[in-house]
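Residue numbers (the numbering used here), protein chains in the order written: chain A, 7 to 278; chain B, 7 to 278.
Be a bit skeptical, because a hint or two may be false.
No copy labels: a pair is met if it fits in one copy or bridges any two.
Listed next, the in silico DSS-like pairs over lysine-lysine satisfying Cα-Cα at most 30 Å (straight line) [as the list claims (entries may be wrong)]: (1) K256 <-> K219; (2) K158 <-> K170; (3) K268 <-> K192; (4) K50 <-> K251; (5) K229 <-> K268; (6) K256 <-> K145; (7) K229 <-> K256; (8) K26 <-> K277; (9) K256 <-> K50; (10) K277 <-> K158; (11) K251 <-> K192; (12) K140 <-> K192; (13) K192 <-> K229; (14) K105 <-> K192; (15) K50 <-> K145; (16) K158 <-> K251.
It is worth saying that the hints were derived from the structure and are not from the lab. Predicted model only: the values in this text are computed from it and were never measured.
Number of protein chains: 2
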Amino acid sequence: MDIGIVGLGLIGSSFARAVKKYTDHTVAGWDIDPNVLSAALADKAVDVAGEEAASGCGIVLVCLFPGDAVRFIEDHEFPHIVCDVCGVKSFLADRLSGKVGGYVGLHPMAGREVSGYGAGSADLFRGASLIVAKDGHTKDAHIGEIRALAEKIGFGRIIETDPKTHDRVIAYTSQLAHVVSSAYVKSAAAGEYVGYSAGSFADLTRVARLDPKMWTELFLENKENLAAEIDNLMEHLAQYRDALKAEDAKVLSRLLGEGRDKKDMLDGLLKD
Amino acid sequence: MDIGIVGLGLIGSSFARAVKKYTDHTVAGWDIDPNVLSAALADKAVDVAGEEAASGCGIVLVCLFPGDAVRFIEDHEFPHIVCDVCGVKSFLADRLSGKVGGYVGLHPMAGREVSGYGAGSADLFRGASLIVAKDGHTKDAHIGEIRALAEKIGFGRIIETDPKTHDRVIAYTSQLAHVVSSAYVKSAAAGEYVGYSAGSFADLTRVARLDPKMWTELFLENKENLAAEIDNLMEHLAQYRDALKAEDAKVLSRLLGEGRDKKDMLDGLLKD
C-alpha cells in the first residue's frame, strides 16, 4: 500500500515522516510550495513528489485547511481511501461523505505552537489520540485500514465517533481553550506578570500562540458549538464574580468546591 | 540565626525542610495539630517544637491562612523579623505594617494541587519566585536578611514590590487562572473529553483542583482586583463570541492575531 500525503505542513510532514520511520509503505507527497517538496524529497520524508502520484495512492491523507481540503478532494479521483485531518468534521462530512467514495474524516489530536514543514516530526503522534468521524457512508473495512496505519505510527488511542459529536466536544476541549488563552493575555496587568506566577499563568496562556488564519476558519465552521461554550463559560464566570461582589463566602466556596470535585471526577475518567 | 515556622502545612513544612536541607540554621516549628508536630520532629524537618520556641526565633515565618496569620502575629511578640507568606498582601499589610515591628510580607510563588504536611518538599521553592511586599515601614536590612535566606533555599528570583501592586497583578496571574479553571470544568461536554485534547484541556483545568476554603478567603481579601479581572476577561470573551455569531472572519482573525502577538511579547519578557 502506498500512502499519499497532500499538504506537507506541520501535520502532513509529520505523517510523511512517521510513515517513513515506522512502516514499509512508500510515501507520495504533494505540496503547493516547490521548496517544501524539494526539502521533503531531500529529507526522504517522501519517496515520490507529485499531485497525481499522491492522489493515486491507496490511502491519501489530505492535510490542508478545511476549505482547501474540500476543494482538493472534490477535484480529484481517489482509488481507495481519502481522508482529511481537519479540526472540524461536520463541515467536511456534509460536503464529502456519500459523495466521494472512500472518504473518512480524521482528526489527529496533536499539534505544536509552530507550523510549517520544518516543524514536523516523525514522533508528533506518539501516544496521541486519533479521532475517526464516521457516518452511515463510512466503510468499516476502511476504518480498519486506518486503524492499522495509525497504530503503526504510534497513536496511543483511536476513538470512533460521528461528526456532530466530534464538533460539539472539540468546541469545548480544544477550541474554547484557544479562545480563553487568546482572551486571557489581553489584561492590562499582563505586562507585569514576570515573577508573579507558579505556573498557572503559563498554562492558561500557552495556546494563545496560534495561527489566526487556521483557527478563524475552524471556529467559523463550528460557530454554534463554540459560541455556546463561550456563553456557558461566561455564565459560570459571572457566578464567581457575583459571589465576590456580594462578599458571599458560602456561595464562592461552593462554586470552588464543585469545580474541584468535577476536576477530580474528570481526572478519574482518564484511568478507566 | 534560628528560623521559626508556624503552621507546618504544604508551605510551612516545605520551608522547614528547605532550611534544614540547605542551611545550618536551627528550625523551631509549631502547628496546632500535635500529630503534625510529632511527624515533623521524627522527620527532622524541625529541631524543636513549641509555640514560644518558634515565635522567639530571629526570623519567624507564619505559614497560616491570612486571617489566622494576622491573629497569630498580633497575639505574639517577635524579637526581630516576622513574615507571613499569604497570597494576598494588602489585607496583611493594612493590619500589621507599622503596628508589628519587624513585619515583612512575603509571597512564595510555589504550590501544589495537594496540601498538608505530607505534601511538603525541601525543593518546592527551587527556581521559584519570592515576592517581597514592602512599604514605608519595611526595613531594608530585614529585606536583606530575607533575601539571604531565600537564596540559600533555592528561590530563583526575588521581586520587591508594594502590597497594592502585588494584589493587582496576582489577581490576574494567579487568582483569575484559578477562577477560569474552576469554571472551565463545568461544561456539560466535560464528561466526554477523554481523547479529545492534545493538552490544552489539561492546561486550562489543572488548577481547578484547589482548596476551596483557602481560595475563598484569598479571593474575598482581593475582591475588587479579582472581580475587575473577571469582568475584563468576560468582555474580551464576548468580543470573540460576537465575531463568531456575526460570522465576521476579519474581526475574529484580528482578535486572534492580537492575542498571538501579545503572547509573543509576554514570552519575550521572560528572556529579559
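Comparing the hints with the structure gives:
In the homo-oligomer, the alpha carbons of K256 and K219 lie at most 30 Å apart only across protomers (10 Å), although the nearest pairing inside one protomer, at 44 Å, exceeds that limit. Proximity of K158 to K170 under the C-alpha cut-off of 30 Å is restricted to the intra-copy arrangement: shortest distance 28 Å within a copy versus 56 Å between copies. Taking CA atoms no more than 30 Å apart as the test, K268 paired with K192 passes in both settings, with 28 Å inside one copy and 7 Å between copies. In the homo-oligomer, the alpha carbons of K50 and K251 never lie at most 30 Å apart, since the shortest distance is 61 Å inside one protomer and 45 Å across protomers.
Both within a single protomer and between protomers do K229 and K268 lie at most 30 Å apart by alpha-carbon distance, with minima of 26 Å and 24 Å respectively. In the homo-oligomer, the alpha carbons of K256 and K145 never lie at most 30 Å apart, since the shortest distance is 54 Å inside one protomer and 39 Å across protomers. For a Cα distance limit of 30 Å, the shortest separation of K229 from K256 across copies, 15 Å, qualifies, whereas the shortest one inside one copy, 36 Å, does not. Taking the shortest alpha-carbon separations for K26 and K277, neither the intra-copy value of 32 Å nor the inter-copy value of 37 Å comes in at or below 30 Å.
Taking identical chains as interchangeable, the C-alpha atoms of K256 and K50 are never at most 30 Å apart, the minima being 62 Å within one chain and 39 Å between chains. Proximity of K277 to K158 under the C-alpha cut-off of 30 Å is restricted to the intra-copy arrangement: shortest distance 24 Å within a copy versus 40 Å between copies. Proximity of K251 to K192 under the C-alpha cut-off of 30 Å is found in both arrangements, the shortest distances being 22 Å within a copy and 21 Å between copies. In this homomeric assembly, K140 and K192 come within 30 Å of each other (Cα to Cα) only across copies, at 28 Å, whereas the closest approach inside a single copy is 39 Å.
With identical chains, the CA atoms of K192 and K229 are at most 30 Å apart both within one copy (22 Å) and between copies (20 Å). When the C-alpha separation of K105 and K192 is checked against a cutoff of 30 Å, the pair qualifies neither within a copy, at 44 Å, nor between copies, at 39 Å. Neither within a single protomer nor between protomers do K50 and K145 lie at most 30 Å apart by alpha-carbon distance, with minima of 32 Å and 66 Å respectively. Within a single copy, K158 and K251 get their C-alpha atoms no closer than 55 Å, and across copies no closer than 41 Å, so neither meets the 30 Å cut-off.
Violation of the numbered hints given earlier is confined to hints 4, 6, 8, 9, 14, 15, 16; the remaining hints are satisfied by the structure.
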